[in-house]
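J.: Generate coordinates for the entire structure from the input sequences, incorporating the hints supplied.
Taken in order, the sequence shown gives residues 1 to 160; the numbers are from the numbering used here.
The hints are simulated quantities; they were obtained by calculation from the structure and are not laboratory data.
Here the structure is a predicted model, which means the values were calculated and not measured.
Keep in mind that the hints are not guaranteed to be accurate.
As the list claims (entries may be wrong) - DEER-style ranges, computed between Cβ atoms: (1) A140 / V24: 21 to 27 Å; (2) N124 / P12: 34 to 40 Å; (3) P54 / T119: 42 to 48 Å; (4) P46 / K127: 54 to 60 Å; (5) V56 / N23: 31 to 37 Å.
What the hints assert, rightly or not - Listed next, the in silico DSS-like pairs over lysine-lysine satisfying Cα-Cα at most 30 Å (straight line): (6) K117 / K132; (7) K18 / K55; (8) K117 / K127.
Positions of the beta carbon are idealized from the N, C-alpha and C atoms, including for glycine.
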Amino acid sequence: MDDATPGVINEPLLALVKVMPGNVSLDSMLREIRKLTAIRAIGLPPSLFADVAPKVLASWRQRAVVESPSHLRRRSDEAAVTLLSGLLVEREREVTDSLVDLLITTVHRIGARAEQKVTNELINAFKRVSGKENLLFAIAEASLADPDGEVREVVEQTRS
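T.: This is the structure:
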């Protein structure tokens, strides 16, 4: 990660990977994208732990999460790499899922805001119609006078 890149925070990969996503925002989405990019840059094969039981993989992940980097360095290279690889494989799945969740939530928020905006615009347009009360009363009187008639014809008859 480059210091000159705006909005990018340099932090160790292990610390970045361990952080859970925050509230739905552009920053949390960008952080999750950075995590996923960093994890995938390691280049672990997708089938790395295909023959390992999910409970075992979860326990390796949990050990890697709770151990400090100094404790991980005290382990044998094989053990440290196994624990960290388990963490990365599990976190890649979780980060992908959280990115999808963030995207879905963002799309829902955009839809809700758009709906609210359209509703407000319609209400404001209705408020701006001059003589709307007279028009509404005319429509009501016309519909009472000729309940089976077409609205357009009934309204035109009342205007004449």
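J.: Each hint: holds or not?
T.: Hints and how they fare:
no.: 1; hint: A140 / V24: 21 to 27 Å; verdict: violated (46 Å)
no.: 2; hint: N124 / P12: 34 to 40 Å; verdict: violated (52 Å)
no.: 3; hint: P54 / T119: 42 to 48 Å; verdict: holds (47 Å)
no.: 4; hint: P46 / K127: 54 to 60 Å; verdict: holds (58 Å)
no.: 5; hint: V56 / N23: 31 to 37 Å; verdict: holds (33 Å)
no.: 6; hint: K117 / K132; verdict: holds (22 Å)
no.: 7; hint: K18 / K55; verdict: holds (19 Å)
no.: 8; hint: K117 / K127; verdict: holds (15 Å)
This entry does not satisfy hints 1, 2, going by the numbered hints stated previously.
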